[in-house]
Amino acid sequence: MHQSKVLLEVQNLKVNYRFRDKKIRAVDDVSFSVNEGDRFAIVGESGSGKSTLGLSIIRLCPGEASGSVRLNNIDILKLSQEELRKLRGSDISVVFQDPNSALNPVLRVGDQLVEVFTTHGYSKAEAYSRSVELLETVGIPEPEKRIMSYPHQLSGGMKQRVIIAMAIALNPKLVIADEPTSALDVTIQAQILKLIKELSETKKLSMILITHDIGVAAEVCNQIGIMYAGRMLEIGAFEDIFHNPKHPYTQSLMTCVPKGLKCVLKPLPGSVPDMSDLPSGCKFHPRCPYANGKCKTIEPKLEKVDGRYVACHAVW
Amino acid sequence: MIPLIRELARSKMVLASMLILLSFIFMALFADFIAPYSPIESDLSISNKPPSWEHPFGTDELGRDILSRVIHGAKLTLTISFAATAIGALVGIVVGVLSGFYGRAVDTITQRFTDVLLALPGFLLAVMFVAIMGNNIATVITSVALSLVPSYVRMSRGLTLQVKELEYVLAARQLGVNSIKIMTRHIIPNISPTLIAQITLNLGTAILFASGLGFLGIGVPPPEPEWGTMLGTGRTYMFYAPHLIIFPGLAVFLVVFSFNKIGDRIGEIIASK
Amino acid sequence: MEIVRGEKLSKYYNIKLTTTKSNTLTAVSNVDVSINGNEIFGLVGESGSGKSTLGRLLLWLEKPSSGTVSFKGLDLAKARKKEVKEARRKMQVVFQNPDSSLDPRMKIGRTLLEALECSQYTGDRTARIKEVLEGVGLRPDVLDMYPHHLSGGMKQRVAVARAILAEPEFMVLDEPTSALDVSVQAQILNLLEELQRKLNLSYLFISHSLSIVSYISHRVGVMYLGKLVELGTSEEVFSRPLHPYSQLLISSVPSIYLPKKLNIPKYNGNHEHAYDVARGCRFHPRCPYADELCRAEEPKLSGDGHPVACHHTVEIEKKVFEGNA
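For the protein sequence lines, the chains are A, B and C, in the order given.
Here the first sequence is numbered in the numbering used here, starting from 1 and rising by one per residue.
Here the second sequence is numbered in the numbering used here, starting from 1001 and rising by one per residue.
Here the third sequence is numbered in the numbering used here, starting from 2001 and rising by one per residue.
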């Protein structure tokens, strides 16, 4: 097992919003790190804060952020707008969920791809030839023809491939993918996930994959962080956590999903809390089968247990 | 209802508008008690006198007190406005919802008809109806009402088309709830918010149409103190007795402006939900 | 015992492009389906497969362009209005989107009362509504609330309660858990299963999620671009899929959901859903086994027990399940 260098270090990240006079702590004191070559999944249900977390890393989220987000030791939260603009696309890029709204419908696909290059100093000619190469890399057939297409002439899967091409164009160190396959059919999803994993391995890109679907995370990632109501509850190697989940929420997530014909579903009672009216202490305690007095008052911190980090008082 | 009013009252402009309207409504209800003089008794010896202590708004060409005429005019104007809008909205909404819900032949026929009516600007429609029916209070109300009908038909039909494909309507149909109940229980309550915004705006439009007709001399006929008619007759004396048109004009402006402000704000509130 | 039957069902939509030109969109094409009493029939397919449209045709919510729908032997196109209304009442539906399933301006109690009024129940109404609410896991205090006060899962439970109050024999569940969080999905699935057993209902369970369909269904149908391409028991279709599309679909599911890995060749990934296939099998542009026959002639759903619509079922079965791919 080789020692990887730490690429991204997030420490005590907090992101707050104001929503109709209420303060919402969308991301509440989150810390984790991503090593070079890692594919880190942030998994959570609705309202968990996973999208906010992912997008706050490159400050694409509204709301005030505090804490630190260091990429190779440079704190992104402290960069100026100009420095941030240089960073986006070339060091960190984003793949969004909806291929239909991520591409400008009135511009040709080629123009949008070329734009990624020209805004970072490349000549038009060079940008064009690199774009054709990129389209080939992401598996689009007849790239010289397709580059002249408009988004509506491409299928959902093709559009998502174009977006992935735009994200890896400048060989960024880190790609943040926010639910990249949720809007796609299952057969296309499988292709795109395979592509993402291959690209990450061949181009040595690190990744943060945000998803609500553990299956998707399993296909691509080697590290995982489970989020709930703005907090990270369990962080560690995917294999460890999948086969031996320690946090009660993680355990139930793993048993909630039908796995073939003979499984038994053991659902959690209740539902995800309202972000403007969170419970005291551990945010998960109202639904937790092991909750005790301490859980209701003191918020548990992430502690290293069995090779991963867990935030739970009842862990054994 | 109450939370809506509270929400409306947040904006100072809207609050002011509501107070203005309330004062005009008050004027209309208690006209007989607050007006200092009779609105129709004339005294030619004091015709066209500028504002003074005895006549704060001055007198018109027949020596009638303008203040009293404006106050009584409020009753007339608001009556026409509410009646015309109510009738126009009612007819338009019923036709629109039926047309949108049943579709096919019924829809095609009503829509072609509406197309024709909508080809003319609303005010011209009103002129056309008055030309056919002659002018008195009843025909003015009817004409203004009819000129508002086409846009209500369009609007409620469009809203009905949107709502009728929503799952809760489909569920009601699958249960076997009959069509009339579906329209009254599910469709109309859910399209109301947008319609209410439109109705509030139309209260102002109705006043403009009615006073427009009056201005042209084909509205409510004299001696009724309709503001538009007052503007029409006062126009002749505009340059040396401007008070003849300033006060009725101001009254029209304030009422229409207030309805518009409130209607806009209701529309914004609906859109934000 | 058969409860709902669709025969040669087709549904076309004419989409007007200009005043003179219009395109025909085929949502469902010549589908035969039969659902028995006391069974959960799962219908899987991706976008454009026509599965939702088929559900609506069986409910008689939309009339088919051709073909017949029968409820317990009664042909709904030929029946009298009253009979159709009665039949439809016995076929209820739960939709995907909890936000638009309930009338936002009606209190829950009123919504449920409307459903009960349509049924033939003659006893104490309040008691009956409370009984059903308890059956779906809700407390009576929701009766006084509006939909926007409830969470997604709770709204879906209300939708289920509404369907149950009509005293149905058959229910179409159109992606009932797709808009819900994972932890809530499991609750609703368990609830639906329990109700089916207790009340001896039949379900048409429509979903794009193969893991959910494999978990809950007794029999399964796979749809592709308006056609039913494979039909069999859940065990048969998921453990031994015979149609190349089913094989692709099952292989595409993330492995933690369907652990069995199939030995399949590379498919042509360039065509997603070729809507413009004029002749032959709709799947041929993507199919690695396609040949001249496939391009010329549309295969019919054939075979006893586990029917498949494919010209090369025998060879494909050998290749995929007996080693040589």
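Derived by calculation from the structure, the hints in this document are not laboratory data.
Take these hints with a grain of salt, some might be off.
Cut-off 35 Å, straight-line C-alpha distance, at most; resulting in silico cross-link-like pairs (DSBU-like, lysine-lysine) [said to hold, decoys possible]:
(1) LYS2266/C - LYS1181/B
(2) LYS2107/C - LYS296/A
(3) LYS1012/B - LYS22/A
(4) LYS2078/C - LYS2198/C
Because the structure is a prediction, the values reported are computed rather than measured.
These are the hints, each one checked on the structure:
no., hint, verdict
1, LYS2266/C - LYS1181/B, "violated, 55 Å"
2, LYS2107/C - LYS296/A, "holds, 34 Å"
3, LYS1012/B - LYS22/A, "holds, 24 Å"
4, LYS2078/C - LYS2198/C, "holds, 33 Å"
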